[in-house]
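K.L.:
Chains as they are written, first to last, in the numbering used here: chain A, 3 to 228; chain B, 3 to 228.
Hints are not guaranteed to be accurate.
Unchecked claim - One-sided excerpt, in silico: chain A residues whose CB lies under 7 Å from chain B:
no., residue
1, PHE35
2, CYS119
3, PRO144
4, TYR159
5, ASP161
6, LEU163
7, THR167
8, LEU170
9, ASP172
10, PHE173
11, CYS211
12, SER213
13, CYS214
14, SER215
15, ILE221
16, SER222
As the list claims (entries may be wrong) - Derived SDA-like pairs: lysine to any residue, alpha-carbon spacing no greater than 25 Å straight-line:
no., chain 1, residue 1, chain 2, residue 2
17, A, LYS208, A, VAL32
18, B, LYS225, A, PRO144
19, A, LYS208, B, VAL209
20, A, LYS62, A, VAL49
21, B, LYS53, A, PRO144
22, B, LYS53, A, CYS61
23, B, LYS208, A, VAL127
24, A, LYS226, B, PHE41
25, B, LYS208, A, VAL49
26, A, LYS62, A, MET203
27, B, LYS62, B, TYR137
28, B, LYS225, A, LEU15
29, A, LYS225, B, PHE41
30, A, LYS53, B, MET203
31, B, LYS225, A, VAL127
32, B, LYS53, A, VAL49
33, A, LYS225, B, VAL209
34, B, LYS53, B, PHE41
Bear in mind the hints are in silico, worked out from the structure with no lab data behind them.
In this text, a Cβ means the ideal position worked out from N, Cα and C, and glycines have one as well.
There are 2 protein chains.
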Amino acid sequence: METVLHPYVPSNLQLENFVANSRTGVSLLVTFFGMLSVFLALLYLLVRHNKYMREDFLCKVKMCWFFSCGFIHLILEGYYFFNYRTLAANNSFLAQMWKEYSMCDSRYIIGDSFIVCMEGITSLVDGPLALYALYAFITHHPNRYIIQLCLSLCHLYGDVLYFTTEYLEDFNHGPYGDAIYFWFYFVFMNLLWIVIPILCMCESFKVLCTSCSSYDLIISNTKKGQ
Amino acid sequence: METVLHPYVPSNLQLENFVANSRTGVSLLVTFFGMLSVFLALLYLLVRHNKYMREDFLCKVKMCWFFSCGFIHLILEGYYFFNYRTLAANNSFLAQMWKEYSMCDSRYIIGDSFIVCMEGITSLVDGPLALYALYAFITHHPNRYIIQLCLSLCHLYGDVLYFTTEYLEDFNHGPYGDAIYFWFYFVFMNLLWIVIPILCMCESFKVLCTSCSSYDLIISNTKKGQ
Numbered sequence: 003m004e005t006v007l008h009p010y011v012p013s014n015l016q017l018e019n020f021v022a023n024s025r026t027g028v029s030l031l032v033t034f035f036g037m038l039s040v041f042l043a044l045l046y047l048l049v050r051h052n053k054y055m056r057e058d059f060l061c062k063v064k065m066c067w068f069f070s071c072g073f074i075h076l077i078l079e080g081y082y083f084f085n086y087r088t089l090a091a092n093n094s095f096l097a098q099m100w101k102e103y104s105m106c107d108s109r110y111i112i113g114d115s116f117i118v119c120m121e122g123i124t125s126l127v128d129g130p131l132a133l134y135a136l137y138a139f140i141t142h143h144p145n146r147y148i149i150q151l152c153l154s155l156c157h158l159y160g161d162v163l164y165f166t167t168e169y170l171e172d173f174n175h176g177p178y179g180d181a182i183y184f185w186f187y188f189v190f191m192n193l194l195w196i197v198i199p200i201l202c203m204c205e206s207f208k209v210l211c212t213s214c215s216s217y218d219l220i221i222s223n224t225k226k227g228q
Numbered sequence: 003m004e005t006v007l008h009p010y011v012p013s014n015l016q017l018e019n020f021v022a023n024s025r026t027g028v029s030l031l032v033t034f035f036g037m038l039s040v041f042l043a044l045l046y047l048l049v050r051h052n053k054y055m056r057e058d059f060l061c062k063v064k065m066c067w068f069f070s071c072g073f074i075h076l077i078l079e080g081y082y083f084f085n086y087r088t089l090a091a092n093n094s095f096l097a098q099m100w101k102e103y104s105m106c107d108s109r110y111i112i113g114d115s116f117i118v119c120m121e122g123i124t125s126l127v128d129g130p131l132a133l134y135a136l137y138a139f140i141t142h143h144p145n146r147y148i149i150q151l152c153l154s155l156c157h158l159y160g161d162v163l164y165f166t167t168e169y170l171e172d173f174n175h176g177p178y179g180d181a182i183y184f185w186f187y188f189v190f191m192n193l194l195w196i197v198i199p200i201l202c203m204c205e206s207f208k209v210l211c212t213s214c215s216s217y218d219l220i221i222s223n224t225k226k227g228q
C-alpha cells in the first residue's frame, strides 16, 4: 500500500486515500460554533418568557445545553456515525471537522470499534433524548427530570469510557500534553460532558427523591385511611 | 517470543505464559452458580416476609436479580478488573472462570481496553449500586426506583456497547455460531443484561412518572391556594 503522509498520531498509521483539510481548525470551529450560537440566541429569546423558567436563569442555560447536545449529537456525531468509513478521503465541511478533531484522537479517523459504537448510541439515542428533554422542560412535562437523568447518565457513561479507554492505551492516539489538541480538544471539550451531566444528575436525583417521598407518603396515608 | 498453544479465537493470538485450565467449563459453572443459588435461596427466605413485597412475587424475583448482579459484578467482574493482566498464567478458580469465558470472547484474555474499562465501571459502580438497590427495596426507600433506573441504564449502555463493538469486529474473537460458546455464553448470558434492564427501566419510568405527576399537581395546587 502507498504510504500517505498525514498529521495523526501515531505517525505510522496507515490511512488509505487520505486528503488533507482545505480549511484551518479555527475556521472550522468558528463556522460550526458560530452557527450553533445563532440557534442558541434564538432559543434563549424563545424560552425567555416561558412561564416555567421565567425567573430561573440556570434553567434557561440548561435549555441551551440540551439544544447544544441535540445539535452536536444529531448533526456532527450523526455524520460521523454514518460516514466514518470514508472520512479520510472526504473534504465536506463535517468531514473536515472530524479530520480536525482526529488530530487529538486518531481513533476517530481509523474507525475504532468502541468509538464508532459509542458515537452511534450518542447520535441515535442521546441526540433525540436531548431535544426531547428540551421539549419536556419547555412544556413542564412530568417526566422532564427523568429524561434529564437518563440523558446525563448516558453522557457520563459514554464519556467515562471514552477517557478511560484512551488512558489505558497510554494516550497514544494524539499529541499527549499539547496545549490545543490534548488539553483543549481532548480534555476540556470532553470534560464538559462529565461535569455538566454530573450537575444535572444531582439536580434530577434531588427533585425525583422529593417527588417519590411525597408520593410514598400519599399512598401510605391512603392505605391508613382505608 | 515462544508460541503457546491455546484454545482462543483467533488462533494466532499471542498469549504469554498461558496455562490451560485444570477444571472443565461445567465444573466451573456448577460451582459458581451453585454458590450463587445458595445465597439466592437464603435471600428469598429473608425477603419472603418483607411487608413491602409479601404479596409481590415479581418483586422478590427482582431482589434475586439485584443480588445476582451485585455478586457477579463485585466478585467475578471485580476479580477480572483487578487481575486481567495476569489472567492467562493464573489458575485460581476465578481466573479459570475468565479463561473459560474468554473462549467465547478472547477480548477478555487479551485485556482489550474497552472490555477492561467497561468491566471497571460494572464492578466499581454497577456492583455497589445493585446491592444498594436491593437495600432500597427491602427498606422501601423513596429513591428505590431511581436507583433501579440508573442501574438498569448502566447495564443496558454497557451491554449494547459490548455486543455492537463485537458485531463491528465481525465476531472475530470467538467461535461464531457455536452452540455453547457463541449462543449460550456470548448471546444468551449477555442478553439477560439487555432484556431484564429494559423491563426494569419500563417499570421505573412508569412509577417515577406517576410520582412526578402527582408532585407537580401538589405544587401547582399549593401555588393556586396562595
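K.L.:
At a threshold of 7 Å, is the proposed contact between PHE173 of chain A and chain B supported by beta-carbon distances?
P.N.:
Cβ of PHE173 of chain A sits 12 Å from chain B, so the hint is violated.
K.L.:
Hey, LYS62 of chain B versus TYR137 of chain B, does the alpha-carbon distance stay inside 25 Å?
P.N.:
holds (12 Å)
K.L.:
Going straight from one Cα to the other, do LYS53 of chain A and MET203 of chain B come out at no more than 25 Å?
P.N.:
Status violated; Cα separation ~31 Å.
K.L.:
Does the alpha-carbon distance linking LYS225 of chain B and LEU15 of chain A stay inside the 25 Å limit?
P.N.:
With a Cα-Cα distance of about 63 Å, the restraint between LYS225 of chain B and LEU15 of chain A is violated, given a limit of 25 Å.
K.L.:
Are the Cα atoms of LYS225 of chain B and VAL127 of chain A separated by 25 Å or less?
P.N.:
With a Cα-Cα distance of about 36 Å, the restraint between LYS225 of chain B and VAL127 of chain A is violated, given a limit of 25 Å.
K.L.:
Identify whether the interface hint at CYS211 of chain A stands, where standing means a beta carbon of chain B within less than 7 Å of its own.
P.N.:
holds (5 Å)
K.L.:
May I ask you to test the interface hint for SER213 of chain A with respect to chain B, counting a Cβ-Cβ separation under 7 Å as satisfied?
P.N.:
Constraint on SER213 of chain A satisfied, holds at 4 Å.
K.L.:
Does the closest beta carbon of chain B sit nearer than 7 Å to the beta carbon of ASP161 of chain A?
P.N.:
violated (11 Å)
K.L.:
Is LYS208 of chain A within 25 Å of VAL32 of chain A, Cα to Cα?
P.N.:
This hinted pair is violated, its Cα atoms lying about 37 Å apart.
K.L.:
Just to be careful: measuring from the Cβ of ASP172 of chain A to every Cβ in chain B, is the smallest value less than 7 Å?
P.N.:
violated (10 Å)
K.L.:
Is the hinted pair LYS53 of chain B and CYS61 of chain A satisfied, with a Cα-Cα distance of at most 25 Å?
P.N.:
Distance ~40 Å between LYS53 of chain B and CYS61 of chain A Cα, so the pair is violated.
K.L.:
Can PRO144 of chain A be said to touch chain B, with a Cβ gap under 7 Å?
P.N.:
This interface hint holds because 4 Å falls under the 7 Å limit.
Violation of the numbered hints given earlier is confined to hints 1, 5, 9, 10, 15, 16, 17, 21, 22, 24, 25, 28, 29, 30, 31, 32; the remaining hints are satisfied by the structure.
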